[in-house]
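Student: Next come the chains, spelled out residue by residue.
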Amino acid sequence: MTVAPPARPRPDDSGRSVPPGGWLGWISTTDHKRVGLLTAGTSLVLLLLMGVLALLMRAQLARPEETFLGPHLYDQVFTVHGSGMIYLVMTPFALGLGVYLVPLQTGAPGIALPRLTLLGYWLYAFGALTLLAGFATPTGAHAAGWFSYPPLADAEFSPGTGSDLWIVGVCLAVTGAILQGWAVLWTILRRRTRGMTMLRLPVFCWAMIATCLMVIGAFPALLAALTLLAAGRADASLFASNAWNIGYQHLFWFYGHPVVYVMFFPYLAAVAEVLAVFCGRRFFGYRGTVLFLLVFAALSMSVWGHHMFATGQAANDYYSLTSIALLVPAGVEYFGMLGTVLGARPRPRTPMLFALAFIPQFLIGGLTGIMVGTPVIDYHVTDSYFVVAHLHYVLFAGSAFGLFAAVYFWFPKVTGVLLDEGMGRLHFWLLVAGTNLTFLPMFALGYLGMPRRVSTYAAFDGFGTLNLLAGIGAAFLAAGMAVFVVNVLRTLHARRLGRARPAGDDPWDGHTLEWAAPSPPPRLNFPADRPLPPVTSFAPLLDLKHREGGRA
Amino acid sequence: MRQRHIFGTVFTVEAAIAGAVFLAVLGLLAWTLLRHRGGHPPARAAERAERPRLEAYYVGALAAFAVFLVAWTAWQNHREHPAAGPRPLRVDVTGFQWCWTFRYPGSPAHRSVTGTCKGRDMPTLVVPAGRTVQLRLTSRDVVHSLWVPGLRYKTDAFPHHVNTLTLTLDRAGRWRGRCAEFCGRRHHTMDFWIKAVPPRAYDRWAHGGTATA
Ligand code: HEM
Ligand SMILES: [Cu+2]
Ligand SMILES: [Cu+2]
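Heads up: the sequence lines are chains Y and A, in that order. Quick note: the first sequence, position 484, residue 484 per the working numbering, numbers continuous. Quick note: the second sequence, position 155, residue 155 per the working numbering, numbers continuous.
Simulated from the structure, these hints should not be mistaken for lab results. Ideal Cβ placement from N, Cα and C applies to all residues, glycine included. Heads up, some of the hints might be wrong.
Cβ pair distances, simulated, as ranges [said to hold, decoys possible]:
| # | chain 1 | residue 1 | chain 2 | residue 2 | range |
| --- | --- | --- | --- | --- | --- |
| 1 | A | His5 | Y | Leu448 | 14 to 22 Å |
| 2 | A | Tyr57 | Y | Ala459 | 52 to 60 Å |
| 3 | Y | Thr227 | A | Arg103 | 15 to 23 Å |
| 4 | A | Thr101 | Y | Asn242 | 16 to 24 Å |
Could you put together the complete structure from these sequences and hints?
Tutor: As structure tokens, then:
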């Protein structure tokens with residue numbers, strides 16, 4: 001198999017016309033693979049940018065009484081880092097992965113609602129530009145944190161265009177996510193190939209169902225909250241009443257908690273696929289996993305108040321109950337992952353390393369989540385570095401490791417060539433060392449009393465050593481990410497020169513239908529001369545191999 | 001101090017459980033990975049993808065554990081917030097960008113303490129040791145949060161709203177207090193002291209004297 005030349009025009013889905021090639025072809029495409037790649041690629045670029053902002057923060061905090069950023073710039077940096085990572089990186093990448101993979105995994109020739117999917121990408125891209133444009137305004141970017149509570153975020157306390165741009169940017173990006181969520185959900189429900197019953201959907205598709213339901217159900221609450229904020233910026237008297245201040249918090253977290261699972265399920269599912277493939281066996285406890293993903297999604301809609309224990313204006317017993325109840329579905333997901341690995345002999349390739357590290361690292365985030373969901377503990381640790389550590393174990397040590405597992409795993413499907421294994425491993429080990437060195441000390445910092453969102457601290461606070469450790473960890477992370485970028489660029493360059501070794505259609509012995517398509521898949525995914533294998537379970541290619549090997 | 005003790009118990013128990021679960025999972029993973037290292041591949045990976053009965057027991061155990069945790073911690077939480085009892089000392093606390101004001105409506109000298117939270121100018125919240133104190137918390141501008149890390153307690157201060165917080169400090173001493181809710185440019189300097197003094201010293205102070213602990 002040779003590597004396919006880029007951008008060969010083919011008849012479009014409807015067979016009407018030949019789409020344009022070149023960059024115009026990319027930005028006007030209705031091919032779900034291109035939209036998926038645009039979305040995921042844009043979010044990877046933004047991941048690097050937000051990572052640079054993280055390094056600035058860690059550099060400032062590495063020593064006490066350091067002020068090279070200055071308080072106002074520091075506030076902009078943590079606001080854009082936090083909002084960027086959530087609204088512009090982890091959520092869009094998850095959806096981009098769904099846009100790319102779901103039609104392939106369900107054996108569909110394209111995505112449902114292709115134009116809406118593309119519109120979703122454009123809203124997201126413009127949203128990101130709008131948000132970042134804040135840095136170019138005279139008063140700087142928005143600086144009230146990613147949850148932007150009023151009245152701090154209103155026009156009186158946060159004057160300046162940067163805040164307006166932030167509101168518009170986030171609204172655009174979130175609207176884009178909602179559109180893509182609809183398209184992915186609709187594809188799974190309506191465009192499955194013959195024989196693909198709901199209970200033969202790959203785990204990843206089920207995770208996307210749960211994800212998209214949350215996107216559709218909860219993301220509009222953020223639009224409502226931001227509309228409220230915009231109204232309050234126009235008319236400051238709106239926030240002269242506690243009802244709207246606390247009301248904003250309720251609305252915001254009604255979005256803000258489910259989004260955590262939107263940034264978790266697709267990555268969890270990518271890890272599940274990788275674990276099963278590299279252990280050479282079916283994912284364990286499929287039905288339980290599917291059922292409890294849905295339970296998880298449903299419960300996630302009723303836990304928002306645990307972000308508000310310390311407000312004194314939320315029903316703490318109730319939210320503590322629903323939050324701690326989450327350990328049941330989370331436990332079931334862990335059961336599935338462990339059951340898949342136990343007793344197997346995993347092949348230790350790069351995607352598998354990331355997937356394996358995900359298990360214990362995310363667990364630290366999950367277990368400390370139970371602690372944070374307990375009011376007695378939360379009264380002390382909320383808004384401290386304990387929470388910063390917790391959320392980075394969830395989002396970085398967890399989801400981002402799932403993200404990299406997915407990138408290394410599906411890269412050969414997307415490009416036809418493999419990333420370099422040695423550099424992949426170096427990336428992995430630098431990230432493991434860096435992650436734990438950066439975020440573990442933060443639990444201690446929070447316990448000892450360091451508030452989050454402080455641009456500096458006094459020498460006599462005694463936070464210096466732990467912050468220095470975290471700063472050193474951040475340097476490891478930066479080195480690891482540099483290795484990753486070099487790996488990707490070098491591989492793509494070699495591919496363009498035709499010097500890369502083709503990976504074949506199915507380099508890992510995959511289980512799901514995308515591995516039956518050519519790499520990279522053609523316009524309509526599955527060429528007519530190569531019929532799809534019969535779908536007999538949620539791992540059709542594994543069934544096929546067993547049948548051929550005379551084993552099943 | 002009650003808050004600190006209850007926090008200590010709950011935190012220790014939950015951290016111990018979390019540590020045990022973490023080690024168990026890590027141990028299982030390490031064991032599988034090391035067991036099959038270099039040896040023969042397992043004759044054939046287990047084909048069974050479901051174990052419904054085992055899963056049902058497991059879900060039951062998880063649910064029972066969740067119920068225990070919720071019930072036990074809720075009980076601790078209610079212990080932490082006792083009714084104020086007779087005659088608590090009332091202090092009106094107001095957060096503002098970027099410092100605090102403490103007013104003592106019951107003090108004969110109408111004491112009120114405030115500062116700028118710049119450099120050494122940090123206000124001190126003086127309370128009698130051993131007596132129940134009720135803080136009535138509010139804000140003049142944005143949301144702030146009163147946090148005394150050493151006492152393990154925190155409550156938000158909202159504009160147009162009063163939150164109450166009942167504390168008893170068993171012994172004389174001085175603790176650092178901070179603002180925990182991001183409140184703008186000088187959030188990081190919004191610190192204060194909370195100082196518990198013997199009741200006699202407090203009375204002298206409430207009448208206009210100085211407080212020495
Ligand atoms: C996928 C990766 C990451 C995600 C999703 C993420 C997400 C977040 C979020 C949501 C916040 C909260 C911001 C706020 O409260 O307004 C935050 C804060 C922060 N992050 Fe990250 N982050 C990531 C990676 C990193 C890395 C690699 C570092 C360190 C090198 C880092 C350092 C920080 C710091 C220092 C803060 C400030 C905490 C505070 O003051 O509240 N982050 N991050
Ligand atoms: Cu404050
Ligand atoms: Cu503050």
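Student: Indicate, hint by hint, whether the structure satisfies it.
Tutor: Hint check:
1. A:His5 with Y:Leu448: 14 to 22 Å: At roughly 18 Å between Cβ atoms, Leu448 (chain Y) and His5 (chain A) fall inside 14 to 22 Å, so the hint holds.
2. A:Tyr57 with Y:Ala459: 52 to 60 Å: holds, 54 Å
3. Y:Thr227 with A:Arg103: 15 to 23 Å: violated, 38 Å
4. A:Thr101 with Y:Asn242: 16 to 24 Å: Roughly 19 Å apart at Cβ, these two residues keep to the hinted range, so it holds.
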